[in-house]
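Asks: Listed below, chain by chain, are the residues.
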Amino acid sequence: MTIATIDTLTLAELQTMRAEALDDLPFGVIGMDTSGIAQIYNAAEARMAGLAADTVLGSSFFNAIAQCMNNYLVAQRFEDEAELDAVIPYVLTLRMRPTPVRMRLMASPSSPLRYILIER
Amino acid sequence: MAQAVSEEEKLLEFLYAAPTGLVQIDASGAISMINPYAMKHLLPLAGMRGAGNLFTMLESSAPELRNLFDGFAAKRGTVCDGHRILVDLGRLSDGTEPKLLACTLVKLDDDRAIACFSDITAQVAQERRLKQAETWFSSLMNDINDYALVSISSDGIVDAVNTSWTQQTGQAADTLIGQTLADIFPPDCGSVHGIDELLRISARDGWHLDEIWQTRSDGSRYWCQRLLAACTGSDGELAGYTVVLRDVARPAFDTDDLRRMLTQDHLTGAANRARFQNLFERAQLAWAGHGTPLSLIMLDIDHFKRVNDTYGHLTGDLVLVGFAETIAAAIRPADVFARLGGEEFAVLLTGTTLAEASETAERLRALVAAMRVTTPQGELSVTVSLGCASATRDDDLLRAADAALYVAKQTGRNRVHTADNAAAAA
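Line by line, the protein sequences are chains A and B. Following the working numbering, the numbering of the first sequence begins with 3 at its first residue and continues without gaps. Following the working numbering, the numbering of the second sequence begins with 3 at its first residue and continues without gaps.
Hints are not guaranteed to be accurate.
If we take Cβ atoms under 10 Å as the criterion, some of the chain B residues that face chain A in the derived model are [stated by the list, open to error]: (1) Lys12; (2) Ile36; (3) Ala205.
Rather than coming from a laboratory, the hints here were simulated on the basis of the structure. Every residue, glycine too, gets a C-beta built ideally from N, C-alpha and C.
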C-alpha cells in the first residue's frame, strides 16, 4: 500500500476515512463544516499546534485557532470558491513560531466538510 | 506532568485566539515568536518573501519602522506607540475604508523587542466622524447667522435658499432655485467625493461633513465647511436634503511638527503613503472633473537590496536620503514627491502630459545616475528605473505606472519606460 501525501489524497477518500486512519496520517488534517466549525482535527495537526483535539473540535476554526489563515489568502477562498482544490505555500504560527508549510485547500458542493491538509 | 501539559496548552489557546497581534524580534528584525493574529495581517503584506523578518514584511508599507528602531539609541524603551500603518494604497473600488494598523514597538534589551499590532480601521473612521460631528454641533451654537442653507428635493434640485446663503456667496435666491447640486458644487471645489458619492453617504448615514472651496458670485473663493444632511419624511422615505455652508478660516498648512509627522516620510522628508493617497485622490478627481492632464512617474532604485546587503542599512539610508534630495530639487514645487515603500518612490505631476512626464523622468534618471552619495564606505552611486503613465478613462493610473516601471526593470534598469496607452496619443 502506498503512503498518502497531501497531494495524493482525494476528497472522496477523506470523507470515508475513519478517525483512527486520519490520526495515522503523517500530515495535519482539519475538517470544517460550512459555518467554519472544526469537525476533524487529526493527531498530526494536534501535535504540531500543541493543542488537544478536544479543545479544537466544535470551535470556530478561523477565529479561535487559526486566525493567521483568516484573510483573503485562505479563509476567503472557501467563501468565494465552492469548488476548491489548491496547494499553496504559507507561514503558520505553530506554537508561536513562524513555520513555513505547504497547505492544500479542498472543498466541493458534494462534500459537507471543507478540508485543509498541512505539511511541514 | 499531566497538569503541566494542560497549562501550556491553555497558554497556547490563549495566544492562538488573542484578538491582537504579538511579535517578538531580535535586533535585525528576525521573528522568534509570532501569534496568528499578527501573521494574518502581516503575511499578505509581503507574501512569502521575508516572512521570517518583521522589517522585511513591513518594507513596502511601513519602511520607517526599521528606521525608527535603528535610530532608537536607548537600551530599552518604547520605540513607537500606536504608530499608524496605512496598508492599502490607491482607491478602494467598493468604497470601504483603507486598512489601517496600529503598531507599538518596545525594545527590551540589545537583542530583543516586542511589537504589538491591532487593526484600527473601523475605530479611526468612527473617531473621525465623531470629531467632525462634535466640531460641527459646538460651532453651530455660536452664531447661527453664519450658516448658509439650501434645501434640495429628493431628485437633487434646489427648492429653497436662506438669506445667509445670499450674504455669504453673493448668489441671489432666484438664480439658485431650480439648479442642481452639481451646478452649485463644481468638481474643482476640492471635495474628496463626487456629488453622487456624497448623496449616497448622506442617504446611508444621515449626513456627511467635509470642507471645500466655495465660489462667490464675484468669482472669489472661500474655504468652508459643508454639511449635507438627508431629510426623511414621517414614513421613513427620503424626502430631500439640506446643505449647510459655514465660512471657516483655512487652517495654515505645513506649519507645525504634528502635520509634518503625519504627512512626511520619517527618513527622506518625502510625502508619506497616507499623504500621497490623499493628494492622489484629489488629483484624480480634479482630472476627472475638468480633464487637465495628470501623469505619474513611479521610481525604483536599482539593486538597492545589494547596497543594504553590502554596506548595511545605515549606508542604505544615506543613499535613500541623497536620492530623495536629488529628486526633490529637480521637480516643480507643485509636483508631489512621495516615498511609497522601501526604495520605491512616486512623482505625481498635475497639468502634465505623458510626453512631458516622460521628459521629466529622463531628466531625473540622468540626475540620479550622475549623483554621488558620500558614505563612511566612500562615494556610492546608484541608478533608478522609472515608469510613466497618464490618467485615462479606462486604466488605473497607479497600475499603469507600476506596469511601465516593471517593463523598465525587465529591459535592463537605469531607464524610463512610458506606458503606451491611449493618453500617449492625446
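Asks: Quick check on the hint: B/Ala205 CB to chain A CB, less than 10 Å?
Replies: Cβ of B/Ala205 sits 28 Å from chain A, so the hint is violated.
Asks: Would the stated hint for B/Lys12 survive a check requiring a Cβ distance to chain A of less than 10 Å?
Replies: 9 Å, holds
Asks: Are B/Ile36 and chain A close enough, Cβ to Cβ, to be under 10 Å, as the hint says?
Replies: Status holds, d = 5 Å.
Hint violations for this structure: number 3 only, all remaining hints satisfied.
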